[in-house]
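K.L.:
The chain contents come next:
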Amino acid sequence: MLVLALDTATPTLVAGVARWSPESVQLLAERALPSGNRHAELLTPAVREVLAEAGVRMRDLDAVVTGLGPGPFTGLRVGIVTAAALADARDLPVVGVCSLDAVGSGARSVVTDARRKEVHWAVYGPDGARLAGPGVDRPEDAPVTDPVLGDVRFAERLGRDVTAADVTTAGLLRAATPQLAGDVPRRPLEPLYLRRPDAVPPAARKAVSQP
Amino acid sequence: MTAAQPLVLGFETSCDETGVGLVRGQTLLSDALATSMEEHERFGGVVPEIASRAHLEAMVPTVHKALSDAGVGALDVDAVAVTAGPGLTGALLVGVAAAKAYALALDVPLYGVNHLAAHVAVDELEHGRLAEPSIAMLVSGGHSSLLLVPDLTQDVQELGRTIDDAAGEAFDKVARVLGLPFPGGPPIDRAAGEGDRDAIAFPRGLTGPGDAAYDFSFSGLKTAVARWVEARQRAGEPVPVADVAAAFQEAVVDVLTAKAVRACRDHGVDHLVIGGGVAANSRLRALAQERCDAAGIVLRVPSRRLCTDNGAMVAALGSRLVEAGVTPSEIDLGADSSLPIDVVSR
Ligand SMILES: [Zn+2]
Numbered sequence: 001m002l003v004l005a006l007d008t009a010t011p012t013l014v015a016g017v018a019r020w021s022p023e024s025v026q027l028l029a030e031r032a033l034p035s036g037n038r039h040a041e042l043l044t045p046a047v048r049e050v051l052a053e054a055g056v057r058m059r060d061l062d063a064v065v066t067g068l069g070p071g072p073f074t075g076l077r078v079g080i081v082t083a084a085a086l087a088d089a090r091d092l093p094v095v096g097v098c099s100l101d102a103v104g105s106g107a108r109s110v111v112t113d114a115r116r117k118e119v120h121w122a123v124y125g126p127d128g129a130r131l132a133g134p135g136v137d138r139p140e141d142a143p144v145t146d147p148v149l150g151d152v153r154f155a156e157r158l159g160r161d162v163t164a165a166d167v168t169t170a171g172l173l174r175a176a177t178p179q180l181a182g183d184v185p186r187r188p189l190e191p192l193y194l195r196r197p198d199a200v201p202p203a204a205r206k207a208v209s210q211p
Numbered sequence: 001m002t003a004a005q006p007l008v009l010g011f012e013t014s015c016d017e018t019g020v021g022l023v024r025g026q027t028l029l030s031d032a033l034a035t036s037m038e039e040h041e042r043f044g045g046v047v048p049e050i051a052s053r054a055h056l057e058a059m060v061p062t063v064h065k066a067l068s069d070a071g072v073g074a075l076d077v078d079a080v081a082v083t084a085g086p087g088l089t090g091a092l093l094v095g096v097a098a099a100k101a102y103a104l105a106l107d108v109p110l111y112g113v114n115h116l117a118a119h120v121a122v123d124e125l126e127h128g129r130l131a132e133p134s135i136a137m138l139v140s141g142g143h144s145s146l147l148l149v150p151d152l153t154q155d156v157q158e159l160g161r162t163i164d165d166a167a168g169e170a171f172d173k174v175a176r177v178l179g180l181p182f183p184g185g186p187p188i189d190r191a192a193g194e195g196d197r198d199a200i201a202f203p204r205g206l207t208g209p210g211d212a213a214y215d216f217s218f219s220g221l222k223t224a225v226a227r228w229v230e231a232r233q234r235a236g237e238p239v240p241v242a243d244v245a246a247a248f249q250e251a252v253v254d255v256l257t258a259k260a261v262r263a264c265r266d267h268g269v270d271h272l273v274i275g276g277g278v279a280a281n282s283r284l285r286a287l288a289q290e291r292c293d294a295a296g297i298v299l300r301v302p303s304r305r306l307c308t309d310n311g312a313m314v315a316a317l318g319s320r321l322v323e324a325g326v327t328p329s330e331i332d333l334g335a336d337s338s339l340p341i342d343v344v345s346r
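As given, the protein sequences belong to chains L and Z, one line each in that order. For what it's worth, this note's numbering labels the leading residue of the first sequence as 1, then goes sequentially. For what it's worth, this note's numbering labels the leading residue of the second sequence as 1, then goes sequentially.
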């Protein structure tokens with residue numbers, strides 16, 4: 001099965017094309033771009049590039065996989081809506097996975113930047129299954145255990161060593177395998193926001209004129 | 001309609017409406033819309049993060065509705081157009097990313113277009129080719145602009161704009177003062193129908209001899225209305241809501257129409273197009289018609305449904321750009337929250 005995978009939940013945008021089977025993943029092309037806030041500009045060109053490099057046309061694809069976060073909202077939505085639209089245009093199945101599941105493998109904890117001096121975190125057991133998370137907390141309060149993978153800038157506040165690691169195409173496909181294989185139903189393509197929108201109803205209107 | 005005319009899919013997500021429309025040539029085929037307005041009501045204004053979340057949820061279903069209403073398939077689409085600005089960045093980006101993905105997947109050209117120019121273009125779907133040059137006045141909750149349009153595909157010039165609140169914002173704020181619901185345009189229009197527009201003399205902003213001829217200001221008017229209402233309330237007198245609404249509405253539409261007609265006269269232009277959500281206001285439509293008739297100006301106003309933000313307006317402009325042979329956008333197109341009006345497409 002030819003699969004396009006993408007993720008915009010972290011400052012490194014990922015797009016890749018792979019040949020997937022329940023037993024193995026053969027990576028055909030991948031881009032990992034440090035893109036900060038420029039996911040919207042860079043994602044579609046990256047998708048086009050990996051397709052060209054892999055010699056795969058849109059019409060050859062069998063499925064699209066996307067990370068659902070958690071991650072900064074604006075970039076996250078760019079990735080998810082791109083995956084949804086690419087798949088819809090070609091009538092392909094689209095599979096969403098927790099982006100943290102796509103960082104590293106086996107027993108580990110993963111932390112990524114949640115902004116506002118907080119981290120997104122998750123904890124995985126020896127078989128790679130997620131035991132806790134995804135959550136969003138101050139690094140000091142994140143219940144992670146060694147080894148920790150992800151964003152090394154949080155090592156000091158975590159009080160632990162952090163090994164640099166990013167979302168990868170192989171990681172996305174590994175996380176998507178139960179859904180791609182049809183072992184579990186496909187989850188709805190809903191972003192893992194983990195936070196409510198910042199919005200408060202206005203207080204009672206103040207008079208503009210002084211009594 | 002001939003097969004040679006391009007089928008254009010248009011996306012609009014600059015504020016709270018998720019709009020997807022299909023146009024063939026200048027023929028409107030469908031105009032699917034989802035809105036998050038109800039979710040913003042209790043906040044008294046559009047909350048960008050809530051709007052962006054709603055755009056993502058609504059996007060694919062709205063595309064499906066547009067395609068099925070038009071009776072076409074995605075693979076029939078010849079070009080994709082999308083609002084690239086101005087608007088709320090996070091909201092714009094959902095539409096831009098979706099449009100780019102459809103364009104890439106369908107292997108068709110992409111046009112990132114200016115939201116304001118699209119408000120002008122939509123009138124062509126109902127009233128045929130725009131006279132060029134035309135004067136265009138766009139009034140909504142987000143914008144109030146007076147434009148000179150020598151060529152809708154590549155030459156749109158700003159004559160004036162609001163220096164403070166947008167016209168629609170003034171309606172929202174005055175509605176709040178009067179205890180009417182958000183958005184304020186429709187309830188004020190309704191209340192004003194029962195009131196006397198000459199009951200209270202509210203100020204007309206920027207209409208003095210030395211003031212900018214084509215700029216607007218509604219902040220002073222809004223404050224004047226609030227002061228007037230508060231004075232009644234302090235005196236323990238009832239507030240004549242219908243009269244206040246009518247007099248306020250008259251002050252807004254008097255200035256808008258006077259400046260639009262003046263812009264036509266000053267530039268020797270005999271066609272005026274009015275668009276944007278406030279163009280749905282019944283008094284604005286009536287007074288504009290009266291003044292244009294007196295001045296020998298042809299007035300064009302789209303039907304109410306097409307005045308507010310929608311995807312068909314973007315498709316309409318996209319269709320014009322295809323026809324004019326304008327170079328499509330690059331695939332690295334982004335969103336520009338303050339895209340200047342002289343950039344029709346990018
Ligand atoms: Zn608008």
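Hints are computed from structural coordinates only; laboratory data are not their basis. Warning: the hint list may mix true and false statements.
Stated by the list, open to error - No farther apart than 25 Å at their CA atoms in a straight line, the calculated lysine to aspartate or glutamate pairs in the DMTMM-like style are these:
1. Lys65/Z - Glu126/Z
2. Lys65/Z - Asp78/Z
3. Lys65/Z - Glu140/L
4. Lys117/L - Glu49/Z
5. Lys65/Z - Glu190/L
6. Lys117/L - Glu140/L
7. Lys117/L - Asp137/L
8. Lys117/L - Asp141/L
9. Lys65/Z - Glu39/Z
To be verified - Distance ranges between label pairs, derived from CB positions:
10. Glu194/Z - Pro197/L: 55 to 63 Å
11. Asp211/Z - Pro197/L: 38 to 46 Å
12. Glu53/L - His64/Z: 56 to 64 Å
13. His64/Z - Pro197/L: 20 to 28 Å
Even for Gly, the Cβ is constructed at its ideal location relative to N, Cα and C.
K.L.:
For every hint, state whether the structure bears it out.
P.N.:
Here is how each hint holds up against the structure:
The straight-line distance between the Cα atoms of Lys65/Z and Glu126/Z is roughly 21 Å, inside the 25 Å bound, and the hint therefore holds. Pair hint Lys65/Z plus Asp78/Z holds up; C-alpha atoms about 18 Å apart against a cutoff of 25 Å. Only pairs whose Cα atoms come within 25 Å are accepted, and Lys65/Z paired with Glu140/L is rejected, the gap being roughly 47 Å. The suggested pairing of Lys117/L with Glu49/Z holds, with an alpha-carbon distance near 20 Å, which does not exceed 25 Å.
Between the alpha carbons of Lys65/Z and Glu190/L the distance comes to roughly 20 Å, so the proposed pair stays at or under 25 Å and holds. Straight-line distance between C-alpha atoms of Lys117/L and Glu140/L comes to about 10 Å, which keeps the hinted pair within the 25 Å bound. Restraint check for Lys117/L and Asp137/L: the C-alpha separation of about 9 Å stays at or below 25 Å, so the hint holds. With a C-alpha separation of about 12 Å, the suggested pairing of Lys117/L with Asp141/L holds against the 25 Å cut-off.
For the suggested pair Lys65/Z and Glu39/Z, the alpha carbons sit about 22 Å apart, so the restraint of at most 25 Å is met. Between Glu194/Z and Pro197/L the C-beta distance comes to about 38 Å, which lies outside the given range of 55 to 63 Å. Roughly 40 Å separates the CB atoms of Asp211/Z and Pro197/L, a value that falls within the hinted 38 to 46 Å. A hinted range of 56 to 64 Å is violated for the C-beta pair Glu53/L and His64/Z, which are about 32 Å apart.
Between His64/Z and Pro197/L the CB atoms are about 26 Å apart, so this pair conforms to the stated range of 20 to 28 Å.
When held up to the earlier numbered hints, the structure conflicts with 3, 10, 12 and fits the remainder.
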